[in-house]
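Chains A and B, in that order, are what the protein sequence lines are. Residues 2 to 267 (the numbering used here) are what the first sequence spells out, left to right. Residues 31 to 361 (the numbering used here) are what the second sequence spells out, left to right.
I should point out that these hints are in silico values taken from the structure, not numbers from a laboratory. These numbers come from a predicted model, not from an experiment. Hints may be right or wrong, so weigh each one.
[What the hints assert, rightly or not] These stretches of chain A come out as covered by chain B in the derived footprint (C-beta under 8 Å, 3 or more residues):
1) 81–94
2) 98–105
3) 110–122
4) 224–234
[Stated by the list, open to error] List time: in silico SDA-like cross-link candidates among lysine to any residue, alpha-carbon distance up to 20 Å:
5) K35/B with K96/A
6) K101/A with R341/B
7) K35/B with G128/A
8) K96/A with E135/A
9) K101/A with M155/A
10) K101/A with E224/B
11) K35/B with E107/A
12) K35/B with E135/A
13) K35/B with V202/B
14) K101/A with N225/B
15) K101/A with G140/B
Quick reminder that beta carbons are idealized off the backbone N, C-alpha and C, glycines included.
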Amino acid sequence: MSATHASTAARALEVRGLGKSFGGIHAVRDISFDVRPGEIVGLIGPNGAGKTTCFNLITGFYSPSAGRVRFGGTDVTGRKPYHMARMGIVRSFQKTNILKSLTVLENVLTGHYMAARQPLWRTFFPGRAVRATEAAARESAERIVRTMGLAHRMDTPASVLSCGELRLLEVALALAAKPEILMLDEPAAGLNSQEARQFGEILRTVRGTLVSSILIVEHNMGLVMGVSDRVVVMHFGQKLAEGTPAQVQADSRVVEAYLGGGGKKK
Amino acid sequence: MTMMKLERHCLVALMALAALLPLVVRDQYVLHIGIMVLFYAVLASSLNLVVGYVGEFSLGHTAFLGTGAYAAAILSTQYGWPMWATVPVAGLLAALVGVVIGAITLRLQGPFFVIVTLSFAEVLRLVADNWIALTNGPMGIAGVPQPALLSEAGNLGAKQFYYGVAWVLLAVTLYLSFRFVHSNAGRAAVAVRENRYVAQSIGIRPLSYSMLALVLGALLSGMAGGFYAHYISFVGPEMFRFAFMVSMIIMVLIGGKGTLVGPLIGALLVTFLEEYLREAKELRLSIFGLAVIAIVLFLPRGLMGFVVQWRAARAAPAPQAAAPKAQGSAA
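Make the full structure from the sequences, and use the hints.
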């Protein structure tokens with residue numbers, strides 16, 4: 002698995018001056034940051050800071066009003082979401098997004114769509130090659146489910162999973178698409194602190210094995226500061242600070258953004 | 031995996047049973063009922079591809095049936111094409127109509143999709159009613175020719191021949207549906223049906239796979255229409271009417287949408303019921319209405335959905351036993 006990322010030279014994601022306005026409201030304004038190969042980057046900020054909008058802009062769910070997104074030096078600004086996924090940038094969603102009526106394994110198997118793609122006529126007349134691809138996809142899906150610690154839920158319908166298991170399944174589904182960059186939008190929402198810690202460990206395991214780099218939006222500070230190599234802080238749609246977790250935590254502007262100016266608003 | 035195998039065994043068993051019928055039964059009426067069951071099974075399966083794998087309720091499926099029927103009738107009466115050519119071409123033409131309708135309707139969801147597909151069928155009915163030079167208008171096209179080899183055979187021989195053709199048509203339908211459903215493309219269609227956003231985030235272009243399911247459904251019902259034109263040897267604008275649509279919907283709902291065996295069971299039950307209730311005349315539709323209400327209320331996923339649920343309930347104790355352990359380790 003790691004071979005796939007070692008063989009293709011890992012690419013960096015560069016975000017330059019990204020902006021989006023809805024009517025007169027600037028949801029995101031002049032955001033720039035990089036996700037370099039092998040990095041886990043945290044994107045944090047108070048509610049409404051524009052983090053999810055940023056995700057939607059990068060992955061093509063929204064088209065930006067300003068700025069560029071480059072991936073491995075290629076300009077990919079405004080490409081369709083499925084295009085971004087095919088290039089190697091796969092995201093998860095803030096609200097739980099999985100295929101509810103399918104089992105855990107079926108979900109992850111569906112995630113192998115790109116690996117198992119075939120010419121149309123092969124759908125109806127599959128030969129040995131297609132059967133081999135299908136078997137490989139199934140095997141890979143089982144491996145991912147096990148890596149995520151969901152082995153005992155392999156054939157359970159996703160609709161009956163617990164909140165924590167759903168979060169893991171979301172990541173498994175995204176990993177199944179074999180991304181180079183995995184973008185997670187609040188993947189630990191609803192997890193208790195121990196579950197969040199375990200989640201962080203899983204993220205560290207998959208980085209470098211199943212995926213090259215990770216961009217994570219998260220409110221659980223313990224998790225973000227624990228796993229991230231660098232943290233980007235957003236506030237009112239703009240970038241407030243960027244640095245290592247320690248630098249960011251020490252930054253007075255960041256503390257102010259989270260707790261309110263001089264404690265007056267509290 | 032086991033579900034897939036079970037499904038395949040069921041389909042093969044049902045088709046083998048169906049193949050035996052003409053060997054045992056020489057009654058023309060029974061064979062006619064058999065032919066109609068097979069014909070409706072093709073139709074219901076094709077509608078099921080749309081309802082089950084696009085995830086939207088099409089009320090315009092008769093557009094494809096009618097296109098196929100008219101194509102076969104016109105090609106054979108005006109151009110003298112033989113049946114082995116008209117039926118596949120009828121399918122292809124219906125598929126083409128499917129591409130056009132799909133390009134417009136697949137961007138819509140929910141009630142909008144329902145209304146627009148319905149109006150497409152209605153537009154085609156009006157065309158059939160008014161383009162007299164091509165379709166002979168409300169009079170319809172009578173005397174759609176039978177295959178030449180039937181001129182020697184008697185009535186029974188003709189029935190047996192059509193039974194065989196319908197069986198092959200259904201076999202083709204089930205083969206194509208089965209391959210589609212259990213392929214990467216089928217999984218992609220289900221992903222689009224379940225969650226458009228997730229589908230896109232894993233690299234699926236949503237329109238491609240809804241379109242594939244729709245066009246496949248159109249192809250199959252177009253061939254069914256072509257077959258029907260030759261068998262009944264008459265085609266009129268009624269082909270586009272809602273009555274066919276109602277039968278198809280009832281079959282898919284009773285059998286269970288999104289399964290391959292369901293529509294077959296539905297076609298079998300409804301065709302028999304329709305024959306059996308023939309004496310009830312006007313009451314017939316009311317009885318069907320009640321049956322549909324009962325199904326929707328008590329078996330919302332149809333008979334096959336019920337069977338699947340029952341199997342799952344029997345298999346349930348195993349994962350439940352594992353659940354507390356998982357929660358314990360997480361807490």
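Okay, the hints, checked on the actual structure:
1. 81–94: That given contact holds, which follows from 9 residues of the segment 81–94 of chain A lying within Cβ reach (below 8 Å) of chain B.
2. 98–105: The restraint on the segment 98–105 of chain A holds, since 6 of its residues have a Cβ under 8 Å from chain B and three suffice.
3. 110–122: holds (count 10)
4. 224–234: violated (count 0)
5. K35/B with K96/A: violated, 35 Å
6. K101/A with R341/B: holds, 19 Å
7. K35/B with G128/A: holds, 18 Å
8. K96/A with E135/A: violated, 30 Å
9. K101/A with M155/A: holds, 14 Å
10. K101/A with E224/B: Since the Cα atoms of K101/A and E224/B sit roughly 7 Å apart, the hinted pair holds (cutoff 20 Å).
11. K35/B with E107/A: Status holds; Cα separation ~16 Å.
12. K35/B with E135/A: Judged against 20 Å, a Cα distance of about 16 Å means the pair holds.
13. K35/B with V202/B: holds, 18 Å
14. K101/A with N225/B: With Cα atoms ~9 Å apart, K101/A and N225/B stay inside 20 Å; holds.
15. K101/A with G140/B: holds, 19 Å
When each numbered hint is compared with the structure, violations occur for hints 4, 5, 8.
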